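Engineer: What follows is each chain in one-letter form.
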Amino acid sequence: MSYAKPSPENFPVKDAWKPLPLSHWNAETAAHLFRRMGYSANPARVKQALNGTVTKTIEGAFKPTSTLPKSAELAKYEREYFERSTQAARLKDSKERRLAQRDIRREGEHLFREYAVQWYRFARDEAHAPQEKFVTFLHDIFVVEQRKIREPFLLFNFEQTLREGIHLKYPELCKRVSREPSMIRYLDLNLSSAKKPNENFARELFELFILGEGNYTEDDIKEAARAFTGYRIKKRTEYTHIPRIHDKSEKSVFGKKGPWDGDDVIDLAFEQPAARTYLIQELMKFYLTDNELPHPDYIQALGDLWASNNYDLKFLIQTFFQSRLFFHPVYRGNLIKSPIQFYLGLCQDLRIDVTPFAGRTLHSMRTMGQNFYNPPNVRGWLYGQNWINATTISGRRQLVDYLFTPIDENNLNGNDQRTLKTALENNYANFQVSKDRLNTLLELEPEALADLLINYFITELSRENYRATLVMLLNKGNPKNYWNLRNTIIGLLQSPAYNLC
Amino acid sequence: MNPKLPPPLTRREFIRQSAGGGLGFLAFSSFAPAFLTRSAHAQNPGPERDRPILVIIQLGGGNDGLNTLIPFTDDNYFRLRPNLSIRDNIHPVEDHLALHPALGSFRNLLEDDNLSIIQNVGYPNPSRSHFRSTEIWETATDSDAYSNTGWLGRYLDNNCSGKPEDADPSAVHIGDIIPQSYLTDEPASIFGMRSSGSFKRRKSASEIAYETLLNEPHVEGSTSYLQQTMMNTLVTERRVEKYLAQYKTQVKYPPSNLGQSLKRIAALIHADMETRVYYVSQTGYDTHANQLNKHAQLLGDLANSMAAFQKDLKANKRDDQVLTMTFSEFGRRADENGSAGTDHGTAAPLFVMGRDVKGGVLGQRPDLNLDPKEDLQYTTDFRGIYNTVLDKWLQADAQQILGDKFDPVPFL
Chain X
757 MSYAKPSPEN FPVKDAWKPL PLSHWNAETA AHLFRRMGYS ANPARVKQAL
807 NGTVTKTIEG AFKPTSTLPK SAELAKYERE YFERSTQAAR LKDSKERRLA
857 QRDIRREGEH LFREYAVQWY RFARDEAHAP QEKFVTFLHD IFVVEQRKIR
907 EPFLLFNFEQ TLREGIHLKY PELCKRVSRE PSMIRYLDLN LSSAKKPNEN
957 FARELFELFI LGEGNYTEDD IKEAARAFTG YRIKKRTEYT HIPRIHDKSE
1007 KSVFGKKGPW DGDDVIDLAF EQPAARTYLI QELMKFYLTD NELPHPDYIQ
1057 ALGDLWASNN YDLKFLIQTF FQSRLFFHPV YRGNLIKSPI QFYLGLCQDL
1107 RIDVTPFAGR TLHSMRTMGQ NFYNPPNVRG WLYGQNWINA TTISGRRQLV
1157 DYLFTPIDEN NLNGNDQRTL KTALENNYAN FQVSKDRLNT LLELEPEALA
1207 DLLINYFITE LSRENYRATL VMLLNKGNPK NYWNLRNTII GLLQSPAYNL
1257 C
Chain B
7 MNPKLPPPLT RREFIRQSAG GGLGFLAFSS FAPAFLTRSA HAQNPGPERD
57 RPILVIIQLG GGNDGLNTLI PFTDDNYFRL RPNLSIRDNI HPVEDHLALH
107 PALGSFRNLL EDDNLSIIQN VGYPNPSRSH FRSTEIWETA TDSDAYSNTG
157 WLGRYLDNNC SGKPEDADPS AVHIGDIIPQ SYLTDEPASI FGMRSSGSFK
207 RRKSASEIAY ETLLNEPHVE GSTSYLQQTM MNTLVTERRV EKYLAQYKTQ
257 VKYPPSNLGQ SLKRIAALIH ADMETRVYYV SQTGYDTHAN QLNKHAQLLG
307 DLANSMAAFQ KDLKANKRDD QVLTMTFSEF GRRADENGSA GTDHGTAAPL
357 FVMGRDVKGG VLGQRPDLNL DPKEDLQYTT DFRGIYNTVL DKWLQADAQQ
407 ILGDKFDPVP FL
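In order, the protein sequence lines correspond to chains X and B.
All the letters of the first sequence, read from the start, carry residue numbers 757 to 1257 under the numbering used here.
All the letters of the second sequence, read from the start, carry residue numbers 7 to 418 under the numbering used here.
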């Protein structure tokens, strides 16, 4: 199967961002929408969506849902953090001091891991998946690394700001991000003052948040750095502005002179033409394709629409996902799943829950190349083919094996045994594909079973090639045998086709 | 029934035997998926084995050159760095230059003429963006030009293409991400591995289902890329795990990522892998604040790891075959900032290590007669160093790979 790439001749730019006609709204297009907005296409949700329209489906997916709740332990740690760390620092005896500080740090690390698992469970819920996937998109723009910001509550609060940001105008979100304690520390804004401006934040604001490299000068950065002065963190937890260290004098940014402050600089950046297209290019890489679009006019057209709607993020989301370009056959089944999508998509497809063992989940994500809250650097992850190499492929394969292997309780360490016990007591027990579940499928004939598997797990692109092989594998040796079925499904979930969406 | 599929048990035995270097696999090749058969051919030693090898160490984040190779007689250095300049415990290498106190392990290498230091390396119109400047170094373009291929990728395109698909990988990197230096036009076999942990041999029979599906015809685009990578990975993984498990060395490497990565590279070189380029990263050099301790720790790890690696190569009699080179996307600003750190700058020194290097310090010292906001002016273009590496070491057509003539730097 191959389709011509869209070009202004065969796919006019003026039509690219119009909504998909109702005549094209069917099980395949709806499944494509669900796989890209979230992590998988649940047949029941697809069926339900077909009773409505594409527009309504997207509205439903991104309407404000419940937010990730802050655990009582994390809230308590946050409340007491300043006082506890101040007291620890005051201890006279150096050994005591070190031990007290270590305890605080270890508790923070523990809470961070709990938060990570809590997030995976939350995002795994199909009702939250589109919202949370968009949060990870924003995480990749506004990068903060846990390696540098160790306080789990700061990371939690930052993510909450990104989540709320979906319902804001993008410039407003940028301003809120500039006041986030974790960002202030991550990009050294807390070290910047009128006397000693630090350029780190100003540079990344232009390069990575708003304009992209090459769309500003070194002088713009130096001047903007002077505007972003006075940003400080009070009691190690809250943003505060200190007028005394803010540079109130005149700056010249993008050729405009004035006594600009940080918010003014953000507004000035959004007057630059590159602001219309930068975020959209990132959006395409995240949701649509590794390759550049065949013609820059497509991006420009969406950018102009977005700018005339005041950079409203919900407008961008709605326009993009319902567009004809988004549903173009060239952009279906072409995108390599991110590790998060691979993992949470597996959980959704297999109807199992996220593994309760934090260590296991985090290690698995790290091996696949997407360590929770720890991208490789300030640019974030690169997506697409960049996910795939020898190391990460092994990680993906090991994960699939794990989901089909019963937990051996005797092999767990004490911590994990306790975790498992608590999980089971809370009816949180379904994290492996059980023999019973697969056995119900064995009633089907191999041909029907192969059809079921390819339609459920992989996209149209590879179905034809895979079908005969699956029938052959299912027929092998002793057909209708549990192990045969299990191993065939594992092979399918590790195959190239399942790694695409 | 598809004739490609053998009886499972027998097939698995063949694969095991193949990984162990047996002949049985080849003899029954018509039963096995084609890509695994081809890999068996690659087990034969080829003429490639004695060729030179290049190891790249990336110092990620922008290494502070002035505190690496310290101009300890230059008043301007102390003027620009009232808090960050280093006077004590430095290791003089010339009348006016000394190595950072943490670089003690480099002294022996210098005495044996196994280390060259090239000063003040950079390029015209420097970018101060991490990503752009890294990209410039890795693609070896002018600072206003872009390339989809890396400089080593173009070397692989020119010199290593046409090898059997499943021969040893042409290039190996350590870490989760393929370096941009390796990006090629033609598909190349590039293998990535972690710096620690073991490769587990998968025992599950599901591997047969996976291999069979993997052998399905290619679809254009991402699927084909995935498929190729998965096939090559499967084959290489089996070989590499064997080499690493077999490797024994007397040399003690630092427990750091860098030390352990170099140890793994030594093992693969010792095993006669055909791989010509290795790439490893050490990160953390982006020292905007409180840089003194952090920088000392990084440089100490760098020098100790490199010295251990060279010692190990020598013990294995491979030191005549390996050249090791560091690079960093930029140096740092000459004047310190207000946070006891340094901001993004321009030129910096780099290190080249190997038995065949001339040794000592090369290139011109940076002029530090600067205003606080001014940057160092580079005196050696990094592409001149690449030129020498390609031309003198890898015996490749440097001008074709770099797209232009650059003055070679005489460290070889």
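I should point out that these hints are in silico values taken from the structure, not numbers from a laboratory.
Among the clues, some could well be false.
[To be verified] List time: in silico DSSO-like cross-link candidates among lysine-lysine, alpha-carbon distance up to 30 Å:
id, chain 1, residue 1, chain 2, residue 2
1, B, Lys-300, X, Lys-991
2, X, Lys-1004, B, Lys-379
3, X, Lys-1012, B, Lys-300
4, X, Lys-978, B, Lys-364
5, X, Lys-904, B, Lys-300
6, B, Lys-379, X, Lys-978
[Unchecked claim] DEER-style ranges, computed between Cβ atoms:
id, chain 1, residue 1, chain 2, residue 2, range
7, X, Arg-869, B, Leu-298, 30 to 38 Å
8, B, Ala-151, X, Asp-859, 50 to 58 Å
9, X, Arg-869, B, Glu-117, 46 to 54 Å
10, B, Phe-84, X, Glu-865, 58 to 66 Å
[Claimed, not checked] Covered by chain B, according to a simulated footprint, are these stretches of chain X (three or more residues, beta-carbon under 8 Å):
id, segment
11, 930 to 939
12, 946 to 960
13, 1124 to 1136
14, 1141 to 1152
15, 1218 to 1224
All values reported here derive from a predicted model rather than from experimental measurement.
Cβ atoms here follow ideal geometry from the backbone N, Cα and C, with glycine treated the same way.
Engineer: Does the structure keep Lys-300 (chain B) and Lys-991 (chain X) at a Cα separation of 30 Å or less?
Structural biologist: It holds: about 26 Å lies between the C-alpha atoms, which stays within 30 Å.
Engineer: Is Lys-904 (chain X) close enough to Lys-300 (chain B), meaning Cα to Cα at most 30 Å?
Structural biologist: Roughly 13 Å separates the two Cα atoms, so the pair holds.
Engineer: Is the coverage entry for the segment 1124 to 1136 of chain X by chain B consistent with the three-residue Cβ rule at 8 Å?
Structural biologist: holds (count 5)
Engineer: Is the straight-line distance between the alpha-carbon of Lys-1004 (chain X) and that of Lys-379 (chain B) 30 Å or less?
Structural biologist: 21 Å, holds
Engineer: Please check whether Arg-869 (chain X) and Glu-117 (chain B) have a Cβ separation lying inside 46 to 54 Å.
Structural biologist: Given range 46 to 54 Å: holds, Cβ gap about 48 Å.
Engineer: Just to be careful, I want the Cα atoms of Lys-978 (chain X) and Lys-364 (chain B) compared with a cutoff of 30 Å; is the pair within it?
Structural biologist: Measuring from Cα to Cα gives roughly 42 Å; hence the hint is violated.
Engineer: Please verify the coverage claim for the segment 946 to 960 of chain X: does it have three or more residues whose C-beta sits within 8 Å of some C-beta in chain B?
Structural biologist: Contact hint for the segment 946 to 960 of chain X vs chain B: holds, 8 residues under 8 Å.
Engineer: State, for the Cβ atoms of Phe-84 (chain B) and Glu-865 (chain X), whether the hinted interval 58 to 66 Å holds or is violated.
Structural biologist: Between Phe-84 (chain B) and Glu-865 (chain X), where Cβ atoms are some 41 Å apart, the hint is violated.
Engineer: Checking C-beta pairs, does the segment 1218 to 1224 of chain X have three or more residues closer than 8 Å to chain B?
Structural biologist: Holds, because 4 residues of the segment 1218 to 1224 of chain X bring their Cβ atoms closer than 8 Å to Cβ atoms of chain B.
Engineer: For the pair supplied as a hint, Lys-379 (chain B) and Lys-978 (chain X), confirm whether the alpha-carbon distance does not exceed 30 Å.
Structural biologist: Judged against 30 Å, a Cα distance of about 10 Å means the pair holds.
Engineer: Quick one: are Ala-151 (chain B) and Asp-859 (chain X) within 50 to 58 Å, going by C-beta?
Structural biologist: 53 Å, holds
Engineer: Count the residues of the segment 930 to 939 of chain X with a beta-carbon closer than 8 Å to any beta-carbon of chain B: does the count reach three?
Structural biologist: Violated: only 0 residues of the segment 930 to 939 of chain X have a Cβ under 8 Å from chain B.
In summary, the numbered hints that this structure violates are 3, 4, 10, 11.
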